[in-house]
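Protein chains in written order, with my numbering: chain A, 1 to 113; chain B, 1001 to 1112.
Read the hints as simulated data drawn from the structure, not as lab findings.
Keep in mind that the hints are not guaranteed to be accurate.
[Said to hold, decoys possible] Restricting the straight-line Cα-Cα distance to at most 20 angstroms, the calculated cross-link-like pairs of lysine to aspartate or glutamate (EDC-like) are: (1) K42/A - D84/A; (2) K1009/B - D39/A; (3) K68/A - E1100/B; (4) K1083/B - D1059/B; (5) K1083/B - E1015/B; (6) K1057/B - D1038/B; (7) K1009/B - E1072/B; (8) K1009/B - E1024/B; (9) K1070/B - E1024/B; (10) K68/A - D39/A; (11) K68/A - E17/A; (12) K1/A - D1059/B; (13) K1057/B - E3/A; (14) K1083/B - E1062/B; (15) K42/A - E1024/B; (16) K42/A - E1100/B; (17) K42/A - D1038/B; (18) K1009/B - D1038/B.
Given next are the chains, with one letter for each unit.
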Amino acid sequence: KQEVTQIPAALSVPEGENLVLNCSFTDSAIYNLQWFRQDPGKGLTSLLLIQSSQREQTSGRLNASLDKSSGRSTLYIAASQPGDSATYLCAVRRPYTGNQFYFGTGTSLTVIP
Amino acid sequence: DGGITQSPKYLFRKEGQNVTLSCEQNLNHDAMYWYRQDPGQGLRLIYYSQIVNDFQKGDIAEGYSVSREKKESFPLTVTSAQKNPTAFYLCASSGGISYEQYFGPGTRLTVT
Chain A
1 KQEVTQIPAA LSVPEGENLV LNCSFTDSAI YNLQWFRQDP GKGLTSLLLI
51 QSSQREQTSG RLNASLDKSS GRSTLYIAAS QPGDSATYLC AVRRPYTGNQ
101 FYFGTGTSLT VIP
Chain B
1001 DGGITQSPKY LFRKEGQNVT LSCEQNLNHD AMYWYRQDPG QGLRLIYYSQ
1051 IVNDFQKGDI AEGYSVSREK KESFPLTVTS AQKNPTAFYL CASSGGISYE
1101 QYFGPGTRLT VT
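Between the sequences and the hints, there should be enough to build the whole structure, so can you do that?
Rendered as structure tokens:
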């Protein structure tokens, strides 16, 4: 079964710092990997999706990379802001699973003004 | 606006009662999902449906039931057989070329 891990579970950084969130998965046979943001008590918001054939995707201050062979993805946030404080989750979609998504437990990010 | 709606936002029930959570999407997605989220835990898949009139059990289907009679709708019923139903419930859909997944705002269910 696909296992998805996100370390660390929590992270605090001062405003303006660049930071990297990590996601690792045990089975490299994936269709794609998606990064989400979740604010307290809210649903998940899709940030970036990387197809298995891609190496990275960018949206504004966010850059996500994918290394399928090592089972890793990183989410890079440039010039962090207090508004970036949230929980960030990654999920992979695997073949032969009926299009199920496998989620990590998330990294809770706090950006200190 | 395209998106997923869940209602109600908060739901309170007495133990022993069945309750149905609503999920509607206007994204024209084929697949829909129900997840449960508990504090300090990741998302756990309850049921998913890849097409109308078809659905499959996820990892924690016991005590839950679903139907998929219309493409736009995927209601979840939490039955009295669910041992610990108090949780945050999230509905999602996916489709299109990339099969990107989108989520609704969630329903917080409290059973006392």
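- [ ] Hints the structure violates: just list their numbers, smallest first.
- [x] 10 and 11
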